[in-house]
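Listed in order, the protein sequences are those of chains P and H.
Per the working numbering, residue 1 is the first one in the first sequence, and the count goes up by one each step.
Per the working numbering, residue 1 is the first one in the second sequence, and the count goes up by one each step.
A hint or two may mislead.
[To be verified] No farther apart than 20 Å at their CA atoms in a straight line, the calculated lysine to aspartate or glutamate pairs in the DMTMM-like style are these:
#1 H:LYS81 with H:ASP49
#2 H:LYS122 with P:GLU101
#3 H:LYS67 with P:GLU257
#4 H:LYS122 with P:GLU4
#5 P:LYS122 with P:GLU22
#6 H:LYS40 with P:GLU22
#7 H:LYS174 with H:GLU104
[Said to hold, decoys possible] If you want a taste of the chain H side facing chain P, the calculated C-beta under 8 Å gives, among others:
#8 ASN64
#9 LEU66
#10 LYS72
#11 ARG75
#12 LEU97
#13 GLY155
No lab work stands behind these hints, which were simulated from the structure alone.
Just so it is clear, CB atoms sit at the ideal spot from N, CA and C, and this is done for glycine as well.
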Amino acid sequence: MKSERFFELLNDTDDALLQESERPLKERRTLALKIAAIAACFALSFTLLLNVLMYAGMGSQKSDSIYPEDNGYKDFSNGAWGDAAAKPGGDSASDSNAAFEVKIIRTATLQAETKSYDAATKALMEAISAAGGYISDSSERNQNGTARHLIMTIRIPAEKLDGFLAGLGGDLLLTEKTVSSDDVTLSYYDLASRLETLRAERTALSTMLEKATTTSDILAIQKQLYNVIEEIESLETQLRIYNDKVAYATVQMTLREVTLYTPEEEATFSEKAGLAFSESWKNFANFWASFCIGVISALPVLLVILVIASGVLITLLGWRKKSAKKKERSTEKE
Amino acid sequence: MEDLQIITLYFDRDEQALAETAQKYGKYCFAVANNILENKQDAEECVNDTYLHAWQSIPPTRPNHLKLFLAKITRNLAFNKYRAAHREKRGFGELPLVLSEMDEFLAGTAEIEEEARLAALKEALHRFLRGLTPRERGVFLRRYFFVETAEIISGRYGISETNVRQILSRTRQKLKIYLQKEGYTL
Chain P
1 MKSERFFELL NDTDDALLQE SERPLKERRT LALKIAAIAA CFALSFTLLL
51 NVLMYAGMGS QKSDSIYPED NGYKDFSNGA WGDAAAKPGG DSASDSNAAF
101 EVKIIRTATL QAETKSYDAA TKALMEAISA AGGYISDSSE RNQNGTARHL
151 IMTIRIPAEK LDGFLAGLGG DLLLTEKTVS SDDVTLSYYD LASRLETLRA
201 ERTALSTMLE KATTTSDILA IQKQLYNVIE EIESLETQLR IYNDKVAYAT
251 VQMTLREVTL YTPEEEATFS EKAGLAFSES WKNFANFWAS FCIGVISALP
301 VLLVILVIAS GVLITLLGWR KKSAKKKERS TEKE
Chain H
1 MEDLQIITLY FDRDEQALAE TAQKYGKYCF AVANNILENK QDAEECVNDT
51 YLHAWQSIPP TRPNHLKLFL AKITRNLAFN KYRAAHREKR GFGELPLVLS
101 EMDEFLAGTA EIEEEARLAA LKEALHRFLR GLTPRERGVF LRRYFFVETA
151 EIISGRYGIS ETNVRQILSR TRQKLKIYLQ KEGYTL
């Protein structure tokens, strides 16, 4: 059977199975916990006479403690986390007419070499600044004071990435460049759609809570509401992360200091010979330096071994002397 | 607006149903189409055709899950568009990769044209899917129904990409053996 035919067959997959696949496993476990929590609340209601007195005060304060501020919702809809942000689900007629926004996460991996390390890093920082980017983390290694090695994670506004990459050069030679784009549109709008649904659920639960009269109902609705709020916060965080990744491309950069570029530049004989000699001398010097350091660091152990060995030697020598004397005496007697 | 209310609008032949559908599920359908076509313009065309198909099918159809009903229409339309554009060869993109992965477990299976046998195969496939663990089933459907990448699936389920690929590989192998047992191989 052709795979195209099978692909078509999958269109008749049971809706329940497809719907199940839309929810992450964590949510399904949360749903099971919610049901268990409500069942436990109903079971406990028969023994909660004393708790009615305790929660009476909490019930009157519920309007202050339960309704959270819309942390991040207004900021999100105003696009505070990047110019590529779109409102989750849309809350006005104009959103339905807005063009569909494809959400692409761009990443680039660069390997580069430079003979002028300081000038190259300075030019790189200027290029990052000019593109409106920033460095999210970096580490620098220095091997024997000559071969410096810089690893950086750079964030560049997505629309400026191509310009930034094209502008790299001068003292910096790119030996490897990989650019990739990941389309996360489906996941993004799926999350946004779920968020909208959860917000509607939060509103409905809040309304139910206002009208609830019995302690058991209040407890059950509160537990449900807290779970919904938790999920809303989680989804908002995920959307913020998506927005950040879409708005700012991520560039992983490795810059190595070299004396000779590879592979384009071909050295002359004298350059090669000089390089080989200096490398060899460096290795020779490093070896002896490492050896001396090794000996110095092993000194305490060597001293102990020396003491033990001396003791054993002295004992052995003493024993040999004794046995030699014994032999002499026995020969004299004979 | 709730799905039930939107469906009622369809049954009342109120064109507000289309506006509500577009507002609630437009972006979702776009994403389903774009996963297959990887072209914004084509995907938008598919979504617009989806609304037309939905208008023509409801009534008499009364979908239990409007979102998935629309997703299936969009998926079908997008796939037809893809096939029309790639008659000679598959081209590049996520869908060709998905189809290549399917070739793995379909190698040696017979072509089925008769309606009765097709219906039996669909039922066998459903039994297979129900026999999987929820995670395996979810990963399988996100890949082969929704054409999502391993990275997106890993983010959705909170597992690593390597784990996603392992699950897919295992499930494809299971499906291959299952199809052999059910007698769909030559």
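To see whether the hints hold, each was checked on the structure:
Restraint check: the Cα-Cα separation between H:LYS81 and H:ASP49 comes to about 11 Å, which is no more than 20 Å; the hinted pair holds. Note on H:LYS122 and P:GLU101: the hinted pairing is violated, with a Cα-Cα distance of about 35 Å set against a maximum of 20 Å. In summary, the hint linking H:LYS67 to P:GLU257 is not supported, as the alpha carbons are separated by about 56 Å, beyond the 20 Å threshold. At most 20 Å may separate the alpha-carbon atoms for a hinted pair to count; H:LYS122 and P:GLU4 meet this at roughly 15 Å.
With a C-alpha separation of about 48 Å, the suggested pair P:LYS122 and P:GLU22 falls outside the 20 Å cut-off, and the hint is violated. Between H:LYS40 and P:GLU22, the direct Cα distance comes to roughly 23 Å. Violation of the 20 Å bound is thereby established for this hinted pair. With a C-alpha separation of about 11 Å, the suggested pairing of H:LYS174 with H:GLU104 holds against the 20 Å cut-off. Evaluation of the H:ASN64 hint against chain P yields a held restraint, the C-beta minimum of about 6 Å falling below 8 Å.
Restraint check, H:LEU66 versus chain P: the minimum CB separation of about 10 Å is more than 8 Å; hint violated. The closest approach between the C-beta of H:LYS72 and any C-beta of chain P is roughly 5 Å, which is under the 8 Å cut-off, so the hint is satisfied. A cut of 8 Å between beta carbons decides the hint on H:ARG75: the least distance to chain P is about 6 Å, and the hint holds. Because the beta carbon of H:LEU97 sits about 11 Å from the nearest beta carbon in chain P, more than 8 Å, this interface hint is broken.
The closest approach between the C-beta of H:GLY155 and any C-beta of chain P is roughly 7 Å, which is under the 8 Å cut-off, so the hint is satisfied.
Checked against the numbered hints listed earlier, the structure breaks hints 2, 3, 5, 6, 9, 12; every other hint is satisfied.
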